[in-house]
Amino acid sequence: MLEVYIWFYAGCTLVIVGSLATVIGPGVKDPLVRTLNTEIPAVGLSLIFLTYNHTIALLTFIAATSIITLILLRTIVRLEEMGAEL
Amino acid sequence: MILVPDVVSPVVVAIYAPAVFVGIIVALIGLFGISIEKNDLQVLILTDIVGVAMLIIVAAVGTDLAESLVLPGLVVELAEILAICEILMSREMRKTGKSVSLIPTPLNFDMEVLQTSPVFIAVILVIYGAFLSGFTGGAIAGGGILFYVMSLTVRGLPSDLWEGIAGASGIAWCLWLTGFLVLFVFPNYWLLGLMLAAFGVFIKVAFKAGLIGVMNREEFRKE
Amino acid sequence: MVVSILGSQIIGIIPLGDIVFYMTSFNLFMFAAALVFTFIIAISKTETQIEAEFGSLGDREIKVAKKEFKFRRFLAIICGLATAGAMVTGDLFDFTLFVCLIGIVNIGIVGAVKQVDVLDSAFQYGLIAMIASTPLFVGASLILAATGTISILAINSLTYTTPMMLFGSILLFLGVAGETGVAPFFATKAEMFRTPGSPFLLIIHLSSLLIIVRVIEILLIINKPF
Amino acid sequence: MNLMLNILLNVFIAFFIGSILIGLQRKIMARIQGRPGPPVIQHLLHTLKFFIKESAFPKTAAMPFYVAITAMLFVIWVAAVIDGPVTEGSLLLIFAIYTIQKIGEHNAGSSSGSPYGKMSCVRAVYSAAAEVPLFAVLIIIYLKAGTMNISSIINYQSIHGPLLFTIPLAAIMFFVLILSKSQYSPFAITKGKDIVSGYETEHFGLLRGYLMISESIAWYMLLWVFLTVFLGPLSLPAYLIGMVVLSAIVAFINAVTPILNPNHSVMMQVSFAFIGIAGSIVLLMI
Amino acid sequence: MKSIGRFWNSLANPDRIPRFYALVLGIVLIAGFLIPIGLNDHQLYPRPEPQLQINAQDPLAPYDRGGVTFEQRGIVKAQYPQYLPAIGEITAYLSPIAMGVDHTTLYYGTSIYSSPGGLIDEILYYTRGFDTVLESSILMMAFVIASFIALNFTMRRED
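Chains S, B, A, R and G, in that order, give the protein sequences.
Here the first sequence stands for residues 1 to 86, numbered as in the numbering used here.
Here the second sequence stands for residues 87 to 309, numbered as in the numbering used here.
Here the third sequence stands for residues 310 to 535, numbered as in the numbering used here.
Here the fourth sequence stands for residues 536 to 821, numbered as in the numbering used here.
Here the fifth sequence stands for residues 822 to 980, numbered as in the numbering used here.
By construction, these hints were calculated from the structure, which means they are not laboratory data.
Any given hint could turn out to be false.
What the hints assert, rightly or not - Here are some chain G residues the structure puts well away from chain B; computed CB gaps all over 10 Å:
{"id": "1", "residue": "825"}
{"id": "2", "residue": "826"}
{"id": "3", "residue": "830"}
{"id": "4", "residue": "864"}
{"id": "5", "residue": "901"}
{"id": "6", "residue": "910"}
{"id": "7", "residue": "924"}
{"id": "8", "residue": "926"}
{"id": "9", "residue": "928"}
{"id": "10", "residue": "946"}
{"id": "11", "residue": "955"}
{"id": "12", "residue": "971"}
Claimed, not checked - List of simulated lysine to aspartate or glutamate pairs, EDC-like, C-alpha gap at most 16 Å:
{"id": "13", "chain 1": "B", "residue 1": "124", "chain 2": "S", "residue 2": "85"}
{"id": "14", "chain 1": "R", "residue 1": "594", "chain 2": "A", "residue 2": "360"}
{"id": "15", "chain 1": "A", "residue 1": "423", "chain 2": "A", "residue 2": "370"}
{"id": "16", "chain 1": "B", "residue 1": "181", "chain 2": "S", "residue 2": "80"}
{"id": "17", "chain 1": "G", "residue 1": "898", "chain 2": "G", "residue 2": "862"}
{"id": "18", "chain 1": "B", "residue 1": "124", "chain 2": "G", "residue 2": "836"}
{"id": "19", "chain 1": "B", "residue 1": "181", "chain 2": "A", "residue 2": "426"}
{"id": "20", "chain 1": "R", "residue 1": "594", "chain 2": "A", "residue 2": "377"}
{"id": "21", "chain 1": "A", "residue 1": "354", "chain 2": "A", "residue 2": "368"}
{"id": "22", "chain 1": "B", "residue 1": "181", "chain 2": "S", "residue 2": "30"}
{"id": "23", "chain 1": "R", "residue 1": "594", "chain 2": "A", "residue 2": "426"}
{"id": "24", "chain 1": "B", "residue 1": "181", "chain 2": "S", "residue 2": "81"}
{"id": "25", "chain 1": "S", "residue 1": "29", "chain 2": "S", "residue 2": "80"}
{"id": "26", "chain 1": "A", "residue 1": "423", "chain 2": "A", "residue 2": "368"}
{"id": "27", "chain 1": "G", "residue 1": "898", "chain 2": "B", "residue 2": "126"}
{"id": "28", "chain 1": "S", "residue 1": "29", "chain 2": "B", "residue 2": "92"}
{"id": "29", "chain 1": "S", "residue 1": "29", "chain 2": "B", "residue 2": "123"}
{"id": "30", "chain 1": "B", "residue 1": "124", "chain 2": "S", "residue 2": "30"}
{"id": "31", "chain 1": "B", "residue 1": "181", "chain 2": "B", "residue 2": "126"}
{"id": "32", "chain 1": "A", "residue 1": "372", "chain 2": "A", "residue 2": "362"}
{"id": "33", "chain 1": "S", "residue 1": "29", "chain 2": "S", "residue 2": "85"}
{"id": "34", "chain 1": "A", "residue 1": "354", "chain 2": "A", "residue 2": "377"}
Said to hold, decoys possible - Examples of chain A residues lying across from chain R (beta carbon under 10 Å, computed):
{"id": "35", "residue": "314"}
{"id": "36", "residue": "333"}
{"id": "37", "residue": "359"}
{"id": "38", "residue": "365"}
{"id": "39", "residue": "374"}
{"id": "40", "residue": "375"}
Glycine included, C-beta positions come from ideal geometry on N, C-alpha and C.
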């Protein structure tokens, strides 16, 4: 039974640390760094899904996150190329 | 062994409150970030964090229902980010008056492996996805198509592929609707309805994911 | 079995599995209104805006291009249907999904224009819609956790209100407020209305107002003062 | 009585009394401001006049829509009369009708293609915020009376006394709503004279006639709802007196206040709502 | 009075609205720490304790809800069983290939039970099918919007 709690709290810690890292972490002025940082809470969330045995949700989440990251990266690079000042 | 218990297991009940608190904390961190951030693009990235908070709280109910509710949440997030990114780019393009290629860096990675492996990986993923069918299957097969299309950036692609894919996914959507109607109008043919629904969603999701890839390549050198 | 909701009797239900649509005279009226407006929009042309030209005495016409017109009409019809659905749905989660659909279609209706200002407010509105999907789903899931059901009819027959349900419904309301852009978050929405294409803009306004009225009904069902 | 006849009679009464009250209001305003003012039946005559005038349609209008919206406005207010004085049905429904009326107002403006109409349309979106007090009122009434049915609310009041005294803040909020609907009031940003006639600018002939009829019925219905919901069972003369008194108060306020800037007008109403909600909840607790 | 006016005016600027909304939402969420949060354990569609089925070496873990294909229905606790004539059938259904894999490996359920038939599919397609219709419509609309904008505005076409 212990392992359920271990995975759960590990996931929680990762999510919180990861979101802190995304919001106020070092180098987040660069949107690229920030986007990559969002992957840390994503891993934490995956662990939480695992504790609840939400296997299918987990698989879909992984697929969706990778697509979201792809979209964001494309946006960032294109905006950079345009020289947009936001 | 108990297949389906009467009540939710005590473990899930015990970790419900911590899970909700974690969700709220994460949401607060994300919202704090949004409210102090000036840059529009950065805010867009930060909304991702708020979405994670939502998924935690929904998943924490810990029933099969919760799991099936997580899926729409994910999809909504994906859909909105997709549409908003495009609007942001459209806005900036009008502001600066510059147009840039959709994959901006000159894709010069003319590596041998990109010429040969993608087809293989894509085929494997699509077949595995077809085997799974339904949502997960669609996502996996879509990843395969995506991979294939991305690799084609360096090789060029027939230009009318887009319209074809878009049309097919529309048809798949109708297929899925038909399946849904069969399930309710003729419950006896539930197997037929199930298959229609599962494969309709499969084709739809797969092609949608593939579309992202096509969007990424649009004006490549058509050699 | 006679079930009454907020004092008015249920006229009929449409069961789609676990998701049950119910109708009282109130729901039916709003459902019909949404459909009628959608129909009128589907058969209308757009108006032409006339603006004075700067530096001369001439006028300038602003029209909606054919391609853009078709695209926006399609989205407007979808939005109208989604609004009609949200009026009669008897399932909390289904309702939130309808609201999300309306939100994203609204962004699309104004996202296809060319004015930078309008695009900017469409983007800001989109940001709010994205943030708002969190309180929306969280609210629904808190109510699910507290009551064990998300069917509005089942919640209607409960006799108690816990603080958690109240919290969930406040979040639900905030989510809907963000997703539809009511006061005090109206500014993004009002700016979007400066673009031509009034029949399509109507549906944005219609959907948000009807959704707000409906969410009030749902909140009153969930929270019983007695 | 025959239901059909009942409906027709009530719609006619609503139209007649509503337009007389609007005329009365303009007269009082004029007198306060030291002008002779139009005769009391001016608004009624005005409405009737438009039905025998030629109808013209602007070339720029969004066609079936531009005509349909006026008909819709008329139809929904007839529906309000059916739900209100005729059957005493759901209060929620009347509020739904009120919100749809907002949409009609908004789009009557934008569908004509006129810049004034457009301005009025954008302001109508702003003033959608006026619904916040509306819903607050609704919730407070429900919390107090425990029902959404007008006839049950009347019953409740005949037992417990008028709601005006038990939830005064809700009544004030509702009054602000009525104020925002009346012409020339500080909150009437959609019809301010700075944008000519607001959403009605480009409606001529028959269409304008319909718009004005629905305006009169709307005014009557708002006063009717206020009197019914807050003062309980009233006799016919009492209704009449109440409506005249309310119109006079509104006219007095309108005569002495300037119109606010759109954004301030909206935020003012929202602030009223927040104060009202908080105050009412505190009052309910005590 | 002037400062209130200035504050109201600042709320009319679209750029500030998302930040303002985030702030309001944050304040409301803080209330979540103050109220008692607890899970009502009488839920719809309950599932066994986490890891229970996996530890019991069930090949269909964690999605085994009983039932035999075409013969016996699986156990599904829906809200309105009276409206669902074929409830449990989809949960019990395994495709022929799936049955083959079922007998060879212990970890089948974690990988492939999402095939047509299976618990989530019962919920997604049958009991709460309308949710999925909406969900896929949302996705479709997003793609329609994104591809319209991309095709007409943001894409640089070389032809």
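Results of checking the hints against the structure:
1. 825: 21 Å, holds
2. 826: 23 Å, holds
3. 830: Nearest chain B Cβ is 19 Å from residue 830 (chain G), so the label holds.
4. 864: Answer for residue 864 (chain G): violated, closest chain B Cβ roughly 5 Å.
5. 901: It holds; residue 901 (chain G) is separated from chain B by about 13 Å at its closest Cβ, greater than 10 Å.
6. 910: Violated: least Cβ distance 6 Å, not greater than 10 Å.
7. 924: Correct as stated: the minimum Cβ-Cβ distance to chain B is 17 Å, above 10 Å.
8. 926: 14 Å, holds
9. 928: It holds; residue 928 (chain G) is separated from chain B by about 15 Å at its closest Cβ, greater than 10 Å.
10. 946: 5 Å, violated
11. 955: 7 Å, violated
12. 971: The assertion about residue 971 (chain G) is violated, with a minimum of 6 Å to chain B.
13. B:124 with S:85: Within the cut-off at roughly 12 Å; holds.
14. R:594 with A:360: Within the cut-off at roughly 14 Å; holds.
15. A:423 with A:370: 15 Å, holds
16. B:181 with S:80: 14 Å, holds
17. G:898 with G:862: 14 Å, holds
18. B:124 with G:836: Cα-Cα ~9 Å, so holds.
19. B:181 with A:426: Distance of about 10 Å is within 16 Å: holds.
20. R:594 with A:377: Violated, because 21 Å separates the two Cα atoms, which is more than 16 Å.
21. A:354 with A:368: 21 Å, violated
22. B:181 with S:30: 22 Å, violated
23. R:594 with A:426: 27 Å, violated
24. B:181 with S:81: 14 Å, holds
25. S:29 with S:80: 14 Å, holds
26. A:423 with A:368: Given pair residue 423 (chain A), residue 368 (chain A) is violated - Cα atoms ~20 Å apart, limit 16 Å.
27. G:898 with B:126: 45 Å, violated
28. S:29 with B:92: 51 Å, violated
29. S:29 with B:123: 10 Å, holds
30. B:124 with S:30: It holds: about 13 Å lies between the C-alpha atoms, which stays within 16 Å.
31. B:181 with B:126: 14 Å, holds
32. A:372 with A:362: 15 Å, holds
33. S:29 with S:85: Measuring from Cα to Cα gives roughly 14 Å; hence the hint holds.
34. A:354 with A:377: With Cα atoms ~12 Å apart, residue 354 (chain A) and residue 377 (chain A) stay inside 16 Å; holds.
35. 314: 9 Å, holds
36. 333: Given a least distance of 8 Å, the restraint on residue 333 (chain A) holds.
37. 359: Since the shortest Cβ distance to chain R is 6 Å, the answer is holds.
38. 365: 17 Å, violated
39. 374: 15 Å, violated
40. 375: Check failed: Cβ of residue 375 (chain A) comes no nearer than 15 Å to chain R, outside 10 Å.
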